[in-house]
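Novice: Here's the letter readout for the chains.
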Amino acid sequence: MEKPIIRFENNIKMKVIYLRFRGSYIEFRKHSKSMYEKLLDYAVKKGFYQEGKNMVMTIYHDNPFITKSKDLRTSVAMSVNDDISDVDDDEITLMNIEGKYAVGRFEIKLTEYGEAWNYMYHEWLFKSDSIPRDTFPFEMYVTRPPKNYKDTSTTDICIPIE
Amino acid sequence: MKAMINSERGFHLKIYAKIINLAEDYIEKNLNKNILLSDIANSVHLSEYHFHRIFRAWSSETIHQFISRIKLERSAILLVTNQNLSITDIAMQYGYSETSSYCRAFKKHFKITPMQFRLARIVKTYEHF
Chain A
1 MEKPIIRFEN NIKMKVIYLR FRGSYIEFRK HSKSMYEKLL DYAVKKGFYQ EGKNMVMTIY
61 HDNPFITKSK DLRTSVAMSV NDDISDVDDD EITLMNIEGK YAVGRFEIKL TEYGEAWNYM
121 YHEWLFKSDS IPRDTFPFEM YVTRPPKNYK DTSTTDICIP IE
Chain B
1001 MKAMINSERG FHLKIYAKII NLAEDYIEKN LNKNILLSDI ANSVHLSEYH FHRIFRAWSS
1061 ETIHQFISRI KLERSAILLV TNQNLSITDI AMQYGYSETS SYCRAFKKHF KITPMQFRLA
1121 RIVKTYEHF
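These protein sequence lines are chains A and B, in that order.
So for the first sequence, the numbering used here puts the first residue at 1; every next one is plus one.
So for the second sequence, the numbering used here puts the first residue at 1001; every next one is plus one.
I should point out that these hints are in silico values taken from the structure, not numbers from a laboratory.
What you were told as hints is all true, and nothing was included just to trick you.
Heads up, simulated DSSO-like pairs for lysine-lysine below, C-alpha to C-alpha not over 27 Å straight-line:
{"no.": "1", "chain 1": "A", "residue 1": "Lys38", "chain 2": "B", "residue 2": "Lys1018"}
{"no.": "2", "chain 1": "B", "residue 1": "Lys1107", "chain 2": "A", "residue 2": "Lys70"}
{"no.": "3", "chain 1": "A", "residue 1": "Lys3", "chain 2": "A", "residue 2": "Lys127"}
{"no.": "4", "chain 1": "B", "residue 1": "Lys1111", "chain 2": "A", "residue 2": "Lys70"}
{"no.": "5", "chain 1": "A", "residue 1": "Lys13", "chain 2": "B", "residue 2": "Lys1033"}
{"no.": "6", "chain 1": "B", "residue 1": "Lys1107", "chain 2": "A", "residue 2": "Lys68"}
{"no.": "7", "chain 1": "A", "residue 1": "Lys46", "chain 2": "B", "residue 2": "Lys1014"}
{"no.": "8", "chain 1": "A", "residue 1": "Lys45", "chain 2": "B", "residue 2": "Lys1018"}
{"no.": "9", "chain 1": "B", "residue 1": "Lys1029", "chain 2": "A", "residue 2": "Lys100"}
{"no.": "10", "chain 1": "B", "residue 1": "Lys1018", "chain 2": "A", "residue 2": "Lys15"}
{"no.": "11", "chain 1": "B", "residue 1": "Lys1033", "chain 2": "B", "residue 2": "Lys1018"}
{"no.": "12", "chain 1": "B", "residue 1": "Lys1029", "chain 2": "A", "residue 2": "Lys68"}
{"no.": "13", "chain 1": "A", "residue 1": "Lys100", "chain 2": "A", "residue 2": "Lys13"}
{"no.": "14", "chain 1": "A", "residue 1": "Lys45", "chain 2": "A", "residue 2": "Lys15"}
{"no.": "15", "chain 1": "B", "residue 1": "Lys1033", "chain 2": "A", "residue 2": "Lys100"}
{"no.": "16", "chain 1": "B", "residue 1": "Lys1014", "chain 2": "A", "residue 2": "Lys38"}
{"no.": "17", "chain 1": "A", "residue 1": "Lys109", "chain 2": "A", "residue 2": "Lys38"}
So, partial list: chain B residues that the calculated Cβ filter (under 8 Å) puts toward chain A:
{"no.": "18", "residue": "Leu1022"}
{"no.": "19", "residue": "Glu1073"}
{"no.": "20", "residue": "Ala1076"}
Fair warning: this is a prediction, and the values are worked out from it, not measured in the lab.
Just so it is clear, CB atoms sit at the ideal spot from N, CA and C, and this is done for glycine as well.
Using the sequences provided together with the hints, build the complete structure.
Specialist: Next up, the structure:
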């Protein structure tokens, strides 16, 4: 895995629709594809989807080294226009993501996501002067995640900082 | 019959997902405060009674147990990621009016004190390097 390019986004402001999963990451991975599909289907049906504009991400609300796996909360999310104010679905919810983030852009294979997250925290954050901010980090898919274990895709790992 | 009941229960739980999501998002934004059931219920436009019942149907925890756990787990992350903050600073940040009550709650949850947790994670971090 190559070292990422790190940049600072001082004022991220995104409105997203999301579906939230509760349970281990192993279980999440079994459900994530259908969750993304449900989100996309809803966005298309409601006219929220704009080709090339919506950003898709996975949000990690809890730390897997601290929270028990059965209590982990992971959301699949998609950015939408700021003028969206309501979502008429029982499961899909709307929220804002705001603030300053350190963003590591990675070119990684499917098997390298863990290594990428490890890099952002252990190699970069703990060695930098940046102060972590108490909210959730997320990974944003700049290009579609690869469908096999050989190809790579571009992913931004976003760590909230002060 | 049991399958039907479980299926119905699953359906009812599904319609609660958004309420739970909104409640969790409210809690996320207010971790530094003393979060009341009434505040959360108001944020999702339900009575305290109804929200409490929905949360109990959804989760094995009460809402107070959930809030307490999230605060302690978040404080644990801060103990490791921000060495400049004192235990008292961190306790205050999560709405504890006294350091001693924070430390007691922390030890009850993690089985070690906040200081022991911090030291253990620092050692683990340096071992990683």
